[in-house]
Amino acid sequence: MERILRVNMTSRTATFEPMPEAYRNRAGRWLTSSVVHDEVPATCHPLGPSNKVVFSPGIVTGTASPTSSRISVGGKSPLTGGIKESNAGTGWGRRLARLGIRAIVVEGQPKEKGFWLLKVDVKGATLEPADAWAGKRLSEVYPALFARFGGKAKVDICAIGAAGEFRMAAAGVCFNDQEGRPSRYAGRGGLGAVLGSKGLKAIVVDDTGAKEIPLADKAAFDQGRRKLGAALGEHAITKPKGALNSYGTAVLVNILNEAGGLPTRNFREGRFEGAAKIAGEAIFAGNKERTGAELYNHACSPGCVICCSNTWHRPDGNEHTSCIEYESDWAFGADCGIDNLDHIAELNLLCNDYGLDTIETGGTLAVAADGGLWRFGDGKRAIELLHEIGKGTPLGRILGNGAVVTGRAFGVARVPHVKGQNMPAYEPRAIKGIGMTYAVSTMGADHTSGYTIAPEILGVSGKLDPLNPDKAELARNFQYATGFLDTTGHCLFIAFAILDIASGFEGTVEECNGVLGTTWTMNDVARIGKEVLNLERDFNRRAGFTALDDRLPEFMRVESLPPHNTVWDIADDELDRVFAP
Amino acid sequence: MIDVHLYGKLRRFASNGSPDSDSVVSMPHREGDTVGSVVARLGIPEADLGANLFVDGHYADRRTPVADGARLGLFPDDMQLLYKWYFRPKEEGS
Ligand code: SF4
Numbered sequence: 015m016e017r018i019l020r021v022n023m024t025s026r027t028a029t030f031e032p033m034p035e036a037y038r039n040r041a042g043r044w045l046t047s048s049v050v051h052d053e054v055p056a057t058c059h060p061l062g063p064s065n066k067v068v069f070s071p072g073i074v075t076g077t078a079s080p081t082s083s084r085i086s087v088g089g090k091s092p093l094t095g096g097i098k099e100s101n102a103g104t105g106w107g108r109r110l111a112r113l114g115i116r117a118i119v120v121e122g123q124p125k126e127k128g129f130w131l132l133k134v135d136v137k138g139a140t141l142e143p144a145d146a147w148a149g150k151r152l153s154e155v156y157p158a159l160f161a162r163f164g165g166k167a168k169v170d171i172c173a174i175g176a177a178g179e180f181r182m183a184a185a186g187v188c189f190n191d192q193e194g195r196p197s198r199y200a201g202r203g204g205l206g207a208v209l210g211s212k213g214l215k216a217i218v219v220d221d222t223g224a225k226e227i228p229l230a231d232k233a234a235f236d237q238g239r240r241k242l243g244a245a246l247g248e249h250a251i252t253k254p255k256g257a258l259n260s261y262g263t264a265v266l267v268n269i270l271n272e273a274g275g276l277p278t279r280n281f282r283e284g285r286f287e288g289a290a291k292i293a294g295e296a297i298f299a300g301n302k303e304r305t306g307a308e309l310y311n312h313a314c315s316p317g318c319v320i321c322c323s324n325t326w327h328r329p330d331g332n333e334h335t336s337c338i339e340y341e342s343d344w345a346f347g348a349d350c351g352i353d354n355l356d357h358i359a360e361l362n363l364l365c366n367d368y369g370l371d372t373i374e375t376g377g378t379l380a381v382a383a384d385g386g387l388w389r390f391g392d393g394k395r396a397i398e399l400l401h402e403i404g405k406g407t408p409l410g411r412i413l414g415n416g417a418v419v420t421g422r423a424f425g426v427a428r429v430p431h432v433k434g435q436n437m438p439a440y441e442p443r444a445i446k447g448i449g450m451t452y453a454v455s456t457m458g459a460d461h462t463s464g465y466t467i468a469p470e471i472l473g474v475s476g477k478l479d480p481l482n483p484d485k486a487e488l489a490r491n492f493q494y495a496t497g498f499l500d501t502t503g504h505c506l507f508i509a510f511a512i513l514d515i516a517s518g519f520e521g522t523v524e525e526c527n528g529v530l531g532t533t534w535t536m537n538d539v540a541r542i543g544k545e546v547l548n549l550e551r552d553f554n555r556r557a558g559f560t561a562l563d564d565r566l567p568e569f570m571r572v573e574s575l576p577p578h579n580t581v582w583d584i585a586d587d588e589l590d591r592v593f594a595p
Numbered sequence: 010m011i012d013v014h015l016y017g018k019l020r021r022f023a024s025n026g027s028p029d030s031d032s033v034v035s036m037p038h039r040e041g042d043t044v045g046s047v048v049a050r051l052g053i054p055e056a057d058l059g060a061n062l063f064v065d066g067h068y069a070d071r072r073t074p075v076a077d078g079a080r081l082g083l084f085p086d087d088m089q090l091l092y093k094w095y096f097r098p099k100e101e102g103s
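Going line by line, the protein sequences match chains A and B. Quick note: the first sequence uses the numbering used here, first residue 15, plus one each step. Quick note: the second sequence uses the numbering used here, first residue 10, plus one each step.
Next up, chain B with everything else stripped away, as it sits in the complex (with noise of 0.2 Å):
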C-alpha cells in the first residue's frame, strides 16, 4: 500500500479530506510506481500539481519511483512555497 497526504485543493481527491486535518488516501502499490503514475490514477489534473512533492520525506518529482510501503506528499501548485534549492532530488532509479 501506499499513503498518499494530500494538501490544499488536492484534498478534494481524498475522501476524508479536511483542511485541518490529515487528508490520507490510502491505495495499492503498483510495480514501477511513480509519482506521475501514482497521481494519474488519482485523478489529479497535471496543472493543479506544484514543484513541492515528496516520497518518504524526500524532495522528489513526477519521475521518482514509489515503493510499496511509501508515503507520498503532494502540494498544489499554489502552495509550492519551500524553496527548491535546498534539496537534492533522490537519483533518478535509486
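In isolation and in its complexed conformation, chain A is listed as follows (with noise of 0.2 Å):
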C-alpha cells in the first residue's frame, strides 16, 4: 500500500498516513509541488516553522526501468523565495518507493538546538540524535553513517553538510551514489537550509525486506521499458561510449564556448580561453594519463544505462572527486576564470563535503570575484574562500547565502540572476531560448527547467517549424514536458534520445502506464506538465511573484557579450506570453 511518511520535528514524530485520493498518480516533483502547494503557506518564512520539506520518487523509480532512479526534493526555497524542486539520482529514491512510501513530509521545528536522524526501514520510521554527525565533513559522515547501518548494499544516505547546519541559502541536499560518496545533490534552492532548519540531520534508508513494486499492467510496463531501453541504447548521446558516457556532461565547455554562451568571469564574456583545459575531452585525457587506463563513466544510480557521472584523478592516480559535471566544471571553471582541473576538482570536493550547491557557489566566487575581493583565476584562493563558507565565519556566511547576497555585499551590479537564483552555464545573450527559460522558471534561472522535448513530439496544437519556432510556445512546452519528466523519476538525459526517437518517448508513457493501470498517451504529457506547472506557479504568485519577476537582470540588457556582442532583447511583453498566450 502506498503511504506518506509524516516527520513532524516540533514533537520529534514519525507517523505513516494513507496516501490521500487526491495524490492519486502523483510521484516525483508533481507530488513535492502538489505537497507544498496545498500545505505550505506561501507567504511563510522559508526558515521558519511552516516551510516543509517533501521527498518524493518518480513513477518508474524502483522498477527495472531504465535511467529511472530519481528523487525530487520540493518546499520553499530560502534563495528564491517561491517554490522548488530540485533531484538527484541516487538508490535512496529507489528504496524508499520499494518500502511503499510516496513522500516523505518533514515539517514543524524543534524548540530545543540539537540534530536529528530520521531512520526508515520495514518497520517504520524512527528518530534519534544525530548531534555526533554535526560540524563534521560529509566524507567522514557517510562512511561512518554506512559502517553503523550496515553498509552501502543495504542503505543509502540522505544528508545536509555544514552549510544547511548554518542554514545558508545555498546549500544543497545530499544523497550518496552508488559507490556511497556523498556526491549527488538536489542543489539547487537552498533546501538544506530548510532541513537544517528543522534540525534533520539526515535521513538513512533501508529497504531489506521490502517487496518488488507492483505492476498494474505487467506488459504495457515491459513494452514501454524495452522502447526507452531501444532509444537510450541507440541514440550517440545516451548510448555505451557515446557522448555522456565518454565525456561526461563536461563536454558541453568546448560546445558553449564555441557557440559564444559560455559565460566567463561572471557573465563577462562568451569565450573563455581556458576552455580547452578543463572540458570533458581534458578529464578524460588527464585521467588516462595519471590512472593509465581509459575511463568510462560510471552510473550515479542503480539502473542507469547512460551513465554520465565522472571521476577526477590526481596526479598520483588517486580519485580526487566526483562528478565533475558540465555545470560544476563551468562555475568553478569559467565563470571564476580558472583554468586547472586540479582546483577545479578541490572546489568541486568542498562542495561535496560542506554541503553546497555547485552552482549557486561558483556564481557567488564569481561575483565576489567582480567585487574585488579575490582576483578571477587564483584557484588557490577560491578553495581558501570555500573553508571559510565550511567553517562558518562571517565572510563565509555571507558567500554562503549565494550571488545576490554577495552582490549586495560587496557592490555590485552584474548578478547574473533569476528570482534570486544564480544563471547556471548558459549564456542567455548567446542562447536566447535558454534565457527565456531561465526567466519565467518556477524554480528562478534553472537550466533544467527546460531542456527536453520537440514541440512536434509533443503534439501540441498546431504545426510548428522546428527550426523557427514561436520561441513563447516552445519555452512553455519545453517546461512541461520537464515537468512530467521530472515526476516520471526518470533522468532528465533521457530527453535526449526520447526527443530524437518518438517510439523512445511513448515507451517512457507506456511505462507509467504500466506502473499506475492508467491509460495516459502522449497528449498527457503536455496536460500533466501543465499542472504541475500551473500549481508551482499558483504558489509563486501568493508567495507575490509578478510578471516582474519573470525578467533577466538589467546588465544583460545594457552589456553587450564577446564575442557576439548582442544584449538581452526578448521584449517582456514575449516572456509575459509563454504562460499567458
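Don't read these hints as lab results, they were simulated from the structure. Be aware that one or more of the hints could be misleading.
With a straight-line Cα cutoff of 25 Å, these simulated DSS-like cross-link-like pairs (lysine-lysine) come out [to be verified]:
#1 LYS18/B / LYS302/A
#2 LYS137/A / LYS168/A
#3 LYS405/A / LYS150/A
#4 LYS255/A / LYS18/B
#5 LYS18/B / LYS232/A
#6 LYS291/A / LYS394/A
#7 LYS255/A / LYS302/A
#8 LYS18/B / LYS253/A
#9 LYS133/A / LYS150/A
#10 LYS137/A / LYS166/A
#11 LYS137/A / LYS150/A
#12 LYS125/A / LYS150/A
Could you use the hints to bring the two separately framed chains together as a complex?
See below:
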C-alpha cells in the first residue's frame, strides 16, 4: 500500500498516512509541488516552522525501468522565496519506493537546539539524536553512517552538510552515489538550509525485506521499458561509449565556448580562453595519463544505462572527486576564470563535503571576484574562500548565502540571477531560448526546467516549424515536458534520446501506465506538465511574485557580450506570453 | 583564411591535435565556401560529423556559407550535446 511518511520535528514523531485519493498517480515533482502548494503557506518564512521539505521518488523509480532513480525534493526556497523542486540520482529514492513510501513530508521545528537522524525501514521510522555528526565533513559522515547502519548494499543516505546546518541559502541536499560517495545533490534553491532549520541532519533508508513494486499492467510496463531502453542504447549521446558516457556533461564546455555562450568571469564574456583545458575531453585525457587507463563514466544511481558520472584523479592516480558535471566545471572554471582542473576538482570536493550547491557557490565566487574580494583565476584563493563557508566565518556566511547576498555585500551590480538564483552555464544573450527558460521558470534561473523536447513530439496544437519556432510556445512546452519527466523519476538526460526517437518517448509513457494502470497517451504529457507548472506558478503568485519577476537582470540588456556583442533583447511581453498566450 | 576548431575524434585532422588544448586548422578561404565544402576539403567523413556545428559562434549546418576570416567549430557525432532547438540557424545565403 502506498503511504506518506509525515515527520514532525516539533514533536519529533514520525507517522504513516495513507496516500490521499486526491494525489493518486502523483509522484516525483508532481507530488512534491502538490504538497508544497497545498500545505505550505506561500508567505511563510522558508526557515520557519511552517515550511516543509517533501521527498518523493518518481512514478517508475524502483522498478526495472532504465535511468529512473531520481528523487525529487521540494519546499519553499530560502534562495528564491518561491517554490522549489530539485532532484538527484541516487539509490535512496528507489529504496523509499520499494518500501511503498510515496513521499516523506518533514514539517515543524524543534524548540531546542540539536540535530536528529531519521531511520526508515520495513518496521517503520524512528528519530534519534545526531549531534555527533554535526559540523563534520560529509566525507567523514557518510562512511561512519554506512558502517553504523549496515553498509551501502543495505542503505542509502540523505544528509546535509555544514552549510545546511548554518542555514545558508546555497546549501543543497546530499545523497550518495552507488559507491557511497556523498556526491549526488538536489543542489539548487537552498533546501539543505530548510532541513537544517528543522534540525534534520540525515535520513537513512533501509529497504531490506521490502517487496518488489507492484505493476498494474506488466505487459505495458515491459513494452515501455524496452522501447525506452532501445532508444537510450541506440542514440549517439546516450548509448554506451556515446557522448555522455565518454566525456560526461563537461563535453559542453567546448561546445558552449564555440557557441560563444560559455559565461566567463561572471558573465562578462561568452568565450573562455582556458575552455579546452577544463572540458570533458581534458578530463578524459588527464585521467588516462594519471591512471594509465581509459576511464569511461559510471552510473550515479542503480539502473542507469547512460552512465554520465565522472571522476577526476590526482597526479598520483588516486581519486580526487566525483562528479565534475558540466555545471560545476563551468561554475568554478570559466565563470571564476580558473583553468586548472585540480583546483576545480578541489572546489567541487569541498562543496560535496560542506553540503553546497556547486552552481550557486561558483556563481557567488564569481560575483565576489567582480566585487574585488579575490582575483579571477586564482584557484588557490577560491579554495580558501570555500573553507570560509565551511567554517561559517562571517565572510563565509555572506558567500554561503549566494550570489545576490554577496553582490549586495560587495556592491556588485552584475549579478546574473533570476528570482534570486544564480544563472547556470548557458549565456542568455548568446542563447536566447534558454534565457526565456531562465526568466519564466518557477524555480529561478534554472537550465533543467526547460531542457527538453521537440514541439512536434509533444503534439502541440498548430504546426510549428521546428527550426523557426514560436519562442514563447517552445519555452512553454519545454517546461511542461520537463514537469512530466521530473514526475516519472527519469533522469532528464533521457530527453536527448527520446527527443530524437519518438518510440522512446512513447515507451516512457507506457511504463508509467504499466506501473499505475492508467491509459495515458502522449497528450497527457503536456496535460500533466501543465498541471505541475500551474501548481508552482500559483504558489509563487501567492508568495508575491508577479510578471516583473520573470525578467533577466538589467545589466544583460545594457552590457553586450563578446564575441557576439549582443544584448538580451527579448521583449517583456514575449516573456509574459509564455504562460499567458 | 578560415580557422577550423576541431573537437573529439575530429581533432585527428589537425596537426596539433590534442584533447586539452585548441586543435585548429587554418586554411585558405575559397569563393562560395560552405561548412560542407570546408569539411570535404579537410577530408572529414560525413558520418563523423554531428549536428553541433558553428560558424562564428552561430549554430550552423552543412549548407551554411563560410566567409573569409570565419571561425568554424566542428563537433563529431558522438559529442552533439547542445540542445539544438535553442538556436535559430542563420538564414540560408545570409
Ligand atoms: S544519466 Fe548521468 S546523471 Fe542521469 S542518472 Fe545516469 S549517471 Fe546519473
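Status of each hint after checking the structure:
no., hint, result
1, LYS18/B / LYS302/A, "holds, 16 Å"
2, LYS137/A / LYS168/A, "holds, 15 Å"
3, LYS405/A / LYS150/A, "holds, 10 Å"
4, LYS255/A / LYS18/B, "holds, 13 Å"
5, LYS18/B / LYS232/A, "violated, 42 Å"
6, LYS291/A / LYS394/A, "holds, 17 Å"
7, LYS255/A / LYS302/A, "holds, 15 Å"
8, LYS18/B / LYS253/A, "holds, 17 Å"
9, LYS133/A / LYS150/A, "holds, 19 Å"
10, LYS137/A / LYS166/A, "holds, 19 Å"
11, LYS137/A / LYS150/A, "violated, 29 Å"
12, LYS125/A / LYS150/A, "holds, 23 Å"
Of the numbered hints listed earlier, those contradicted by the structure are 5, 11.
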